[in-house]
Amino acid sequence: MITITHYLVLSAILFTVGVIGVLIRRNAIIIFMCIELMLNAVNLSFVACAHYLNSMQGQLFVFFTMTVAAAEAAVGLAIIVAVFRNKETVNIDDINIMKW
Amino acid sequence: MDSRKGELIRITTLLVSIVVFVLSLPLYFNFNAHAYEMQFVEKLPWIPSFGIHYHVGIDGISLFLILLTTFLMPVSILASWHITKHIKEYMIAMLVLETGMVGVFASLDLFLFYVYWELMLIPMYLLIGIWGGPRRIYAAVKFFIYTMTGSVFMLLAIIALYFLNHRATGEYTFNLLEFYRLELSFAVQFWLFLAFAFAFAIKVPMFPFHTWLPDAHVEAPTAGSVILAGVLLKMGTYGFVRFCLPLFPEASHVFIPVISWMAIVGIIYGALVSMVQDDLKKLVAYSSVSHLGFVMLGIFAFNIQGIEGGITQMINHGLSTGALFLVVGMLYERRHTRMIADFGGLTKRMPVFATLFLIITLSSIGLPGLNGFVGEFLILLGAFRSRILYASIATSGIILAAVYMLWMFQRVMFHEIIHEENKTLKDVSKREFAILIPLIMIIFWIGIYPNPFLRKMDASVNHLLKQTGEKAQTVSNLQTQNTAVIPKIDIVSETKAEW
Amino acid sequence: MLDLVALILLFPLIGTAVNGLAGKRMRKETVGYIACGAIGLSFLVSILVFCGLLLLPPEGRLFEKHLFVWIESGSFRSLAALQVDPLSTVMILTVSGVGFLIHVYSIGYMHHDKGYHRYFCYLNLFTFSMLLLVLSNNFLLMFIGWEAVGLCSYLLIGFWFEKKSASNAAKKAFVVNRVGDFGFALGVMLIFLIFHSIDFTEVFSAASHGNFETGNFAITMITLLLFMGATGKSAQIPLYTWLPDAMEGPTPVSALIHAATMVTAGVYMIARCNVLYMLSPFTMTVVASIGAATALFAASIGLVQNDIKRVLAYSTISQLGYMFLACGVGAFTAGVFHLMTHAFFKALLFLGAGSVIHALSGEQDIRKMGALKSHIPTTYKTFLVGTIAIAGIPPFAGFFSKDEILLEAFVRGNFIYWSIGAIAALFTAFYMFRLLFMTFYGESRVDHHTMEHLHESPGNMTLPLIALAGLSFVGGFLGIPGASAINHFLSPVFGGHTHAEIAGTELAGHSGHHGAWLPYLMMVVSTAIAIAGIFLAYQMYIKKPDLPKKLTDRFRFIHKLLLNKYYVDEIYDALFVNPTKKISVKILWKGVDVRIIDGSVNGIARLVGGLSNVLRLLQTGYIRNYAFYIVVGCIFIVVLAVFGK
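Residue numbers (my numbering), protein chains in the order written: chain Z, 1 to 100; chain S, 1001 to 1499; chain G, 2001 to 2645.
If you are wondering where the hints come from, they were derived from the structure by calculation, not from laboratory data. This structure is a prediction, so every number in the text was calculated from the model and none was measured. Among the hints, erroneous ones may be present.
Said to hold, decoys possible - Restraint ranges, calculated between C-beta atoms of paired labels, are given here:
hint, chain 1, residue 1, chain 2, residue 2, range
1, Z, V68, S, V1152, 33 to 39 Å
2, S, S1429, G, F2068, 46 to 52 Å
3, G, G2633, S, P1257, 48 to 54 Å
Cβ coordinates follow ideal geometry from the N, Cα and C atoms, glycine included.
Just chain Z, same shape as in the assembly:
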């Protein structure tokens, strides 16, 4: 029997993978994918909880998250492309112009 706990553990693992990926990888695209991973980990929890609680709200939220993630993917990838055009790299160690 797969209980809610399994889902949540999986979600936590996925989320942690995402976080670690964001923290240690240098390629912007991979970091970006890791962020998506984190979002989807949360989505998983939402769905699991919705099922568990017999509530549609969690499902609803997932759709929101997915919409936001899609928008974010569009904007984020565009930024990365723009940065790559200027800097010819997507290595974030080389992109530290946010510091004044």
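Starting from the known structure of chain Z, arrange chains S and G on it as the hints suggest.
Chains S and G in isolation, oriented as in the chain Z frame:
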């Protein structure tokens, strides 16, 4: 920008400011001198859910300050005719400044007041920072941060009042007139008074919070200095009259010695430091510290002569110090220096200018028959009635005023001309004449026949005294209890319930 | 007729306005006529007012003309209202009369000056202010006049503003006067505090109706503060130093402002407040002592001065001292009487000196004069009249007034006052005749070039001299002991205190132990003193011209001390002026302001800046680091949420 467009901008701004002045005149003529209530009141909801209203109105105290503002504005715009850099932005800043200043004097809603208070800070900051002298950035930032520091405490106090009022009446409002009815405990008054007084003392500026003033004045363009000295400083003193005294009467009474001594030190100190300046603008700036000291002394005399004198002196200072800055500006335009040592003997080349300058100087000294005397004498009389010692020390300020002003005048206007550049100076132009003459006429008017002005203040000042007096009836025993010990009850616990 | 009193002020004011605004574009003659005409009309109206006052019964000689409310605030009220009573009438007649003559004289004297219209504008303004001072009916309005005459004095001393000494002197005059005004202003405030009014009539009637016992502390303070104002305006110790310097102004100005009128304002003020002063014996002692001390002190300086105008300036200070001595012993009539006669003969002397200076193309040093008697005869004759008058030889004006003061000092005061006054009188006679002899007699020490231009002054200068000489001669008869017209006229103002005692005949009954012969003895003694002074001067400067040199060598120290005016200016500089400047620059400005206050302000700014610099290191610009902080933060919050409780 081509010059025709610039000219158009100047003339438009001038016309706008003149129209504003003309529109403000009915305030004076239709003002009912027998009523102490706010007049010409307008109250419209702004953010009703927080109880914030666009609530304006004037009484005999703010009336003259508004008139002073609208009067000085065309004068300053005329005095900025030579500005060529970013002229559009300059004029916009001036007009925004005017909005802010009139708003501060007219607001009866503390939230609105605070908005205006901060609003006028920005254009002034820009005026100094963009159109100022060589050290303009330093001066502008110093001005801004000094004032901001004070304002933050005031904002806190305003919010505290908001919640205290809610606790007392169950109503959320920023209405000043409602706040007047609050019965605050002494401890609350003490801290709130401190917060307000800190903001206003910086603005006045009272010794020892005055050091932004010389820098700001020296760097600001002429019109900026005129507005700064003429109106902005009055916001501090006005704040004391409008907020500190009626809202926190008992605390105000307790603070009489502190404020009075600060004022007295300011009078003497400002005069002495002014005496030894070699920069004309700095000299006038420090003289403002001295003059505003008189105003504060008058206000904290807590009697009708003192407060009426204080208000008169606010106007007088606006006129004569404003005029002094204009005069210095005229010299600066000709010679591009403000150092006293670079002048000397100008009377010979500029006789008309010399006459006008002398009248303004004398008005600043407080010569009887000119405006300065009326205010100063009433202040000293009021102070004398409440505390003889204070008045006696402060009166010595009139000696020092003569010393520093006349010494300055002598070094600038008398003697032989020693600098070659000064031999070709031109006397006042028609524009400059038109700038100074209205000021001088009012200087004479207030000096010779001040009674119409004073009568319009009577009702409001009497009411103010009644407010402070009635609410502070218990002050005598409070004073004995609290002068030594700073009250321990803090504002947080008083208002905690609201959060 | 009394209603016309406002016109007395109006005419000079119109003159000021016309000459000030349009004088530059008018012809010189017109400017002069307008100015003189204004004062002349003022004088005529003053005579009318005087006649109007005479028509009233003596007790009812008080008329007030209400113009408008000047300042009103709460219970404080100062009217712009004029008051005509015998005292102010004497003053307006003196001021406008002598003023008129000096205006006429100025037409000639200032003829070549570029600032002609400016000069007359100021002079008219001065006359206006002085008349306002004496006509006002309350203390604050009087204070306008009081300060305004100071302003005119400032403007006129600094008339030749290119000269550094002139503008310095002008500033000094104003500032020193301000020191006095400080006292005056406080006095007025204290009056308001005590009497709840600053109206002369109200204050004095309240004071004279026995509400205050003699020696009342408040009254003593009031009178002392007012007297402080008087020492400034009337150049008494310790505030007299401005007057000698004030001689930098044009000579007619010295005559009008610094001899005849403005400097007597202090005496007028004390006479006006006689009711208050009589209530305070302590103040009276102070007034008398300072007056006596000044009389002697200034006279001693006058002995050795070489500038013709400075001698007269010190003489003025000394004579003012006499007036204060008179007031201080309660002889207000004598003080006012001397004020009037002094206005005549001192104006005459100054104008005469001006005529001499004019003749010598600006030379003021009496060591470079001599033997001018035959060259400028009219000036000489009138100057002689003035000198005799001030020396106190009967029947010239100075004799009567000075004699009366000495008599009063003896009778009401004490022997010390009298002897100081007598010594000062001796000095006066001596230095005035020294001046006369050195200027008009002996050998000519005028340099050749100046000699060629030597000329008698034109008619518009000599006529006022003659008129003043006439007044200096007959002026004294107004106050002949026993039948004193001025005493009688002023008695309503000075009340019962004085009028019974002043006339010599009545004196016997009042202070029996002196006897009726005393006034006559006094007359003889004071005449003898004057003659002794003249004789000394004659011996030293005519008979044995080398004697002064020997004496100088012998008493070098004293001579130097006197020549340098006891170094008072230097002492004041060292005590007040320089330390103030130094403290202001070094301690207050550079120390407190720049270092302490601004230092701490900038210090706080720097501290914040420094801290920010440290915090800034966290801002690496690497997103990874920021993400890491976020994660650490999240973990921290989660841990706190789970294990915090």
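Unmet hints by their number, sorted upward, for this structure: 2
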